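A.B. asks: Next come the chains, spelled out residue by residue.
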Amino acid sequence: MILRTPGGWSVRVRTRALAVGALCLLAALVFAVVAIGSGDYPMSPAAVVRTLAGYGSAADAFIVEQVRLPRVLTALLTGAALGLSGALFQSLVRNPLGSPDLLGFTQGAAAGALVTVVAGGGSVALMGGAVAGGVATGVLIYALSWRQGVHGYRLVLIGIGVAAILTGVNGYLLTRADIPDATRAVLWLTGSLNGRGWNDVVPLLVAVTVTVPPVVLGGGRGLRMLEMGDETAYALGVRVERLRLMLLAAAVLLASFAAGAAGPVSFVALTAPQLARRLTADPGPNLVASLCMGAALLTGADLAGQRIIPGHQLPVGVLTGVLGGGYLLWLLATQRRRGRI
Amino acid sequence: MTRLRANDLTLAYERRTVAEGLSVAVPDRSFTVVVGPNACGKSTLLRALARTLKPRSGTVLLDGNDIHTLPTRAVARTLGLLPQSPIAPDGITVADLVARGRYPHQRLLRQWSGEDERVVTEAMAATGVTDLAGAYVDELSGGQRQRVWIAMALAQETPLLLLDEPTTFLDIAHQIDVLDLCARLHQEEGRTLVAVLHDLNHAARYATHLIAMRDGEVVAEGDPSTVVTAELVEEVFGLPCRVIPDPETDTPMVIPAVRRSATV
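So the sequences go chain by chain: A and B.
Quick note on the working numbering: the first sequence kicks off at 185 and runs consecutively.
Quick note on the working numbering: the second sequence kicks off at 5 and runs consecutively.
Keep in mind the hints are simulated off the structure, nothing from the lab.
The structure displayed is predicted, hence computed values, not measured ones.
Beta carbons: idealized from backbone N, C-alpha and C, even for Gly.
Here are the computed lysine to any residue pairs in the SDA-like style, where the Cα-Cα straight-line distance is at most 20 Å:
id: 1; chain 1: B; residue 1: Lys58; chain 2: B; residue 2: Ser47
id: 2; chain 1: B; residue 1: Lys58; chain 2: B; residue 2: Glu24
id: 3; chain 1: B; residue 1: Lys58; chain 2: B; residue 2: Leu74
id: 4; chain 1: B; residue 1: Lys58; chain 2: A; residue 2: His335
id: 5; chain 1: B; residue 1: Lys58; chain 2: A; residue 2: Arg426
id: 6; chain 1: B; residue 1: Lys58; chain 2: B; residue 2: Arg7
id: 7; chain 1: B; residue 1: Lys58; chain 2: A; residue 2: Asp414
id: 8; chain 1: B; residue 1: Lys58; chain 2: A; residue 2: Gly413
id: 9; chain 1: B; residue 1: Lys58; chain 2: A; residue 2: Glu425
id: 10; chain 1: B; residue 1: Lys58; chain 2: B; residue 2: Ala29
id: 11; chain 1: B; residue 1: Lys58; chain 2: A; residue 2: Arg423
id: 12; chain 1: B; residue 1: Lys58; chain 2: A; residue 2: Leu427
id: 13; chain 1: B; residue 1: Lys58; chain 2: B; residue 2: Thr14
Some but not every residue of chain A turned toward chain B, in silico, with C-beta under 8 Å:
id: 14; residue: Ile186
id: 15; residue: Gly192
id: 16; residue: Trp193
id: 17; residue: Val195
id: 18; residue: Arg331
id: 19; residue: Leu401
id: 20; residue: Met409
id: 21; residue: Glu411
id: 22; residue: Glu415
id: 23; residue: Ala419
id: 24; residue: Leu420
id: 25; residue: Arg423
id: 26; residue: Pro467
If we strip away everything but chain A, and leave its shape as in the complex, we get (with noise of 0.2 Å):
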């Protein structure tokens, strides 16, 4: 559908697309509410309401400010970047495996933020070591990558290298902390967002905020084009190298960030753009319903890890990894049209 003003200015929409999105956000919406509803001291969904609009009881209010807000925001934003970055690094390597988790930088992340555990360092620190250790793993897999220009399946090769030799890495580190030290990073590595509070969401809320106007809107067309390799987009007047840079730093730091608050959550991004191309049926990018995609996921994932055993809580990494791949799966089976992948 095409919008058209007087003045001469027209937006592609893509309707399909932008409902599918829309979708997702709100499954993601009505997730978190339900979310913040529910646990030792339980709240209807209107209540959540309320209080989420400010009239609630004082009671209501500190645990949904203090306790439960903080975990459902994480989850949203965390899902959210994670979508975002794993439909950038697929587009970019044209590759459905093109997956951070896969291509070495959450390994990267995991890496930062187990020195920092092994240090001593508490919840900031573990943030920063995450961010650190998932961008200095970024500019290495580019630096090697790089040969005239930077290409899909070498960046794959590459990243699947550094993946490797970073678990061995995070593996030795392990068994380097102390027992209690030891424990906590096993359960960071699991993806966990127990107990996250607002010294998480805050770092993270500005990098989704920063980071996510200029790719979806400054990039998402040029990445289009980039889909039809280097050449056919450099003749259309894409400026691949310098596009392509810009894209990856931007998916490495949402996919660093998203570790730092929620550790190295499987599957997410992996998954999340397979959903959402399925569900668009466009062969573009999906930027936007991917990171709709992903908030729903993470949300959904968490809610469902709280509420499946009852008195105990799955780490949100088991349960993206169960639920992600079982509905891709559930997709690709049903899904007979002509072949496609």
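Chain A is fixed; fit chain B onto it per the hints.
C.D. replies: For chain B alone, coordinates are given in the frame of chain A:
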């Protein structure tokens, strides 16, 4: 006056130098065809002309300006390129792919004008893919797919269009199809075309200007009827042959000589 020329280019990939001191001028409104044996640097030259490969030294001039100093989007409105193996994104339809050719004419707040619509419709009609508009590109035959890619390049509306081996991987009928289409674009729309071709007879039949390359150097260039001789083919390709007039068009036609070792 030539809008596109290359002056004294040194072209190289990481370790391998492909050409040194290479100069070429593309005559305006010509259908220029570049021929030569494998690895002679013809595709590399095309990539340099399309600015997707930066020369080690020398300059490519577009309308008198160094092509690498011009804004890439402005160049993309003048000069189009159809690479040898472009990638069709998974699950893309013909109409969507052709529409992507409009990218250099669009802005964030001018994403799809009436002009875009008109040009894309025309490009699909000119290449005969209008009926395929809703089809998925990955389900088309090789010949149809190539016409769709040409339609995308046409939608870019550039007066200059470079085609890197547009007939490779096509059967003979589809090769002629594509070349007829190119000839029509050249004659009826007055576009300047530069194509790399493998088949000398096709080149001689369709080109208005022929460039023969070997080892990164231009060996001969000009009208095919004067350029294509038995001596030149032997010199460029190392192939003993006879050159006779094409019974259909009277253009030169290369008949390879029978080699003793190949006969029974």
